[in-house]
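Under UniProt numbering, the residues of the sequence shown are numbered 1 to 195, in order.
The reader is advised that the hints may include incorrect statements.
[As the list claims (entries may be wrong)] The following label-pair restraints were derived from C-beta to C-beta distances:
id	residue 1	residue 2	range
1	Arg-12	Lys-99	45 to 53 Å
2	Asp-143	Arg-105	25 to 33 Å
3	Glu-117	Asn-78	30 to 38 Å
4	Gly-176	Ala-38	14 to 22 Å
Honestly, the hints are just simulated from the structure, not real lab data. We put the CB at the ideal spot given by N, CA and C, even for glycine.
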Amino acid sequence: MVVSDKPTLWRRLWATPAARWCLGIPLGGVLAFVLGMAALAGFHGVLGYTNSNGFCYRCHQGMDSIVAEYQASPHFHNTKGVVAATCSDCHVPRELLPKLWLKIRATKDIYLRLRGEITPDNFELEHRARLAAISTAEFRESDSRNCRYCHDPARMDLANQSRSAARRHQGMAERGESCIDCHAGIAHQLPTQQE
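Could you build the full structure based on these sequences and the hints that come with them?
Written out as C-alpha cells, the structure reads:
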C-alpha cells in the first residue's frame, strides 16, 4: 500500500493559509454579508416610505379631492377611536410579490405625473375614473383582501348590525360578493363619469 504525503481535502480546508490573499476570502464574505444587510435595510426603508401617507399625498394633496375625502371618512377619523387606516392599508397588498407587482405598475402613473401628463387641472376629469376603475377591479380580483385584514366577516357581530346589513354580510360568500360590491365609495367618493 502506498501512503501519500499529500494532505486530505479536509486538512487543506482548515489549514492556515500559506498566502496572505487567502485571508481575503473570509473578509470578502463578511463584506458581502454587511453590504447585503445594508441593501436589505435600504429596500425595507424604501418599501416603508412608499407605503406612507406622506408619499401618497405628494401627488394627491392639492391635486384632487382624494385626500380630503379620505380624511373625512371613517377610515381616517371615527367615533370609536379605531386607529386610522393608511392609504397602503387599503391599496397595497401585504404579501411581498403582489406588493412589488403593484408598485412596479404604479410607476407608470408616477412617471405620467412627473412628465406633466397627469396634472391637478386634468386629474378629476381625465384620470380619476380610470384609476378608480383599476382600483375597484383590484379589490374585486383579490376578494377585497385588504378590507378583510381589518374587517373579517366571520368575526362580525351580526346581531348588532341592522337586519339588512347582517343578511348581506352573512351571504357574501355564497353570492360571490366582496366588500367593494356594497362599500365602494366608503373612503373616497365615486368619480363622476365624464362624457
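Structure-based check of each hint:
| no. | hint | result |
| --- | --- | --- |
| 1 | Arg-12 - Lys-99: 45 to 53 Å | 47 Å, holds |
| 2 | Asp-143 - Arg-105: 25 to 33 Å | 19 Å, violated |
| 3 | Glu-117 - Asn-78: 30 to 38 Å | 36 Å, holds |
| 4 | Gly-176 - Ala-38: 14 to 22 Å | 47 Å, violated |
Comparing the model with each numbered hint stated earlier shows that hints 2 and 4 do not hold.
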